[in-house]
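Below, each chain spelled out in residue letters.
Number of protein chains: 2
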Amino acid sequence: MRLARIQTAGGPVEVVQHGERWHAIRDMFSEDLEYTGESYAGDVTFLSPVRPAVVLGMAHNGSASDRQLAPEAFFKSPRTVCGPDDDIVLDRNIGTVNVEGELAVVIGSTTRHLATGQSQRHILGYTIANDVTSVEQIGFGGTLLQAKNGDGYTPLGPWIETAADPASLGITLLIRGVAAARSATSELAWSIDEQLVYLSSHLELGPGDVLLTGAPGTSGAVRPGDDVQILIDGIGALRNPVVRGRARAAPPSP
Amino acid sequence: MRLARIQTAGGPVEVVQHGERWHAIRDMFSEDLEYTGESYAGDVTFLSPVRPAVVLGMAHNGSASDRQLAPEAFFKSPRTVCGPDDDIVLDRNIGTVNVEGELAVVIGSTTRHLATGQSQRHILGYTIANDVTSVEQIGFGGTLLQAKNGDGYTPLGPWIETAADPASLGITLLIRGVAAARSATSELAWSIDEQLVYLSSHLELGPGDVLLTGAPGTSGAVRPGDDVQILIDGIGALRNPVVRGRARAAPPSP
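The listed protein sequences correspond, in order, to chains A and B. Sequential numbering of the first sequence, starting at 1, is according to the numbering used here. Sequential numbering of the second sequence, starting at 255, is according to the numbering used here.
Derived by calculation from the structure, the hints in this document are not laboratory data. Incorrect hints may appear among the rest.
[Claimed, not checked] Which residues of chain A face chain B? A few of them, derived with a C-beta cut under 8 Å, are:
{"id": "1", "residue": "ALA59"}
{"id": "2", "residue": "SER77"}
{"id": "3", "residue": "GLU136"}
{"id": "4", "residue": "PHE140"}
{"id": "5", "residue": "THR143"}
{"id": "6", "residue": "GLN146"}
{"id": "7", "residue": "ASN149"}
[What the hints assert, rightly or not] If you want the ones that stay clear, here's a sample from chain B, every Cβ over 10 Å from chain A, calculated:
{"id": "8", "residue": "SER331"}
{"id": "9", "residue": "PRO332"}
{"id": "10", "residue": "ARG430"}
[To be verified] Simulated coverage check for chain B against chain A, where a stretch passes if three residues somewhere in it have a Cβ under 8 Å from a Cβ of chain A:
{"id": "11", "region": "282-295"}
{"id": "12", "region": "394-406"}
The beta carbon of each residue, even a glycine, is placed where N, CA and C say it ideally should be.
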């Protein structure tokens with residue numbers, strides 16, 4: 001099943017796909033989808049499929065050798081989240097910027113088992129993420145804040161696929177229409193399950209939170225004017241243009 | 255002027271203080287406050303005064319010598335934010351946990367100058383923050399994610415003081431009613447202005463975002479059963495109890 005958010009004349013609407021049509025629903029996180037009766041077809045405009053409160057990314061998770069390190073995650077600002085076709089903005093003096101094609105996990109609701117009282121966190125589904133990174137800013141401190149939070153640095157979409165098997169999905173990165181990298185989630189150091197066990201032992205996750213699971217080699221440098229597409233087998237394609245932005249202010253010197 | 259959010263029978267309400275009474279308003283971020291006509295007095299229950307999309311903290315900013323390092327900030331999950339009297343939850347096997355008394359900056363709205371088109375980000379005001387930190391988790395990676403994101407790890411409140419001068423505010427930390435530390439924001443390595451220049455050169459800030467400006471020695475270890483109070487001159491006092499939580503799951507091993 002595919003869930004999405006689309007732009008309409010009345011504002012953003014959550015939708016679910018049936019055949020060629022996208023049917024409006026009230027809350028994609030509810031267990032039983034409630035339909036409003038509206039539906040859309042043809043050339044719909046997809047937005048980021050969720051608006052996460054928390055965006056997490058896995059650090060050093062791109063290949064089997066990264067398993068020699070303990071798992072580690074970083075935060076991205078939810079203000080970096082954008083949708084398909086939205087601009088990735090490269091500040092003028094930011095240095096090398098990489099796009100990173102990644103599978104993103106969208107956290108679902110919690111259900112509480114009535115008999116045991118145990119609560120269980122569900123995965124709503126999977127979407128495509130571009131974890132844009134200012135490579136030369138990585139060295140400035142360990143938090144990655146300077147490297148990961150430019151305008152439009154977290155494109156998500158176009159929709160959430162609820163039925164995908166995350167263990168082995170092919171990921172292809174195209175820059176200006178040319179294949180720049182091809183790999184699969186099976187190459188990641190820590191599996192999706194292991195990542196979620198790690199994270200949920202250190203912080204609370206809630207509905208709509210997004211985990212960028214790491215780029216298994218699916219990264220490449222971009223310049224203003226480039227067009228980036230990330231294809232994940234069984235999900236779809238996420239496309240964003242790269243544009244030139246403002247000049248960044250020089251930070252205060254030590 | 256003091257702005258707050260209080261709990262009422264009808265749910266959380268934004269309020270502004272006049273004399274002894276708290277008057278309900280529609281939006282604390284609007285330039286001209288719109289009053290609903292309701293007001294409250296006496297024993298009101300304060301909530302976190304804002305619900306931030308982004309929570310940032312300054313790393314290594316506690317004393318003048320920290321100025322030898324470049325400024326660096328980290329994210330905290332907004333799901334860690336709680337209000338006065340809410341529980342700080344210590345997981346069973348988390349090791350030493352410090353409370354840190356800090357001045358917090360609350361980001362306000364942006365105004366655009368009609369003639370120049372330049373936009374300016376305003377500070378709404380200042381509140382008190384407790385940047386709770388699992389000390390022994392700091393070493394696990396540079397992102398501080400494991401150290402800073404337990405349940406109730408970011409108490410904020412009790413209100414936002416819009417008129418404070420952040421350059422030199424005394425901060426006192428009381429644990430079980432006993433003074434554990436006393437210092438002032440003037441001891442911080444990077445001033446509030448410098449912190450905001452640094453941050454706004456690397457990411458977008460928006461209304462309600464919160465910056466924890468660093469603990470100038472105002473930290474101390476706590477245990478379940480402790481009562482923590484942070485007093486900032488000219489603002490007020492933020493009080494929270496410390497309670498025992500669940501046992502954390504062991505993370506996956508490398």
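We went through each hint and held it up to the structure:
| no. | hint | in the structure |
| --- | --- | --- |
| 1 | ALA59 | holds (7 Å) |
| 2 | SER77 | holds (5 Å) |
| 3 | GLU136 | violated (13 Å) |
| 4 | PHE140 | holds (6 Å) |
| 5 | THR143 | holds (4 Å) |
| 6 | GLN146 | holds (5 Å) |
| 7 | ASN149 | holds (4 Å) |
| 8 | SER331 | violated (5 Å) |
| 9 | PRO332 | violated (6 Å) |
| 10 | ARG430 | holds (27 Å) |
| 11 | 282-295 | violated (count 0) |
| 12 | 394-406 | holds (count 10) |
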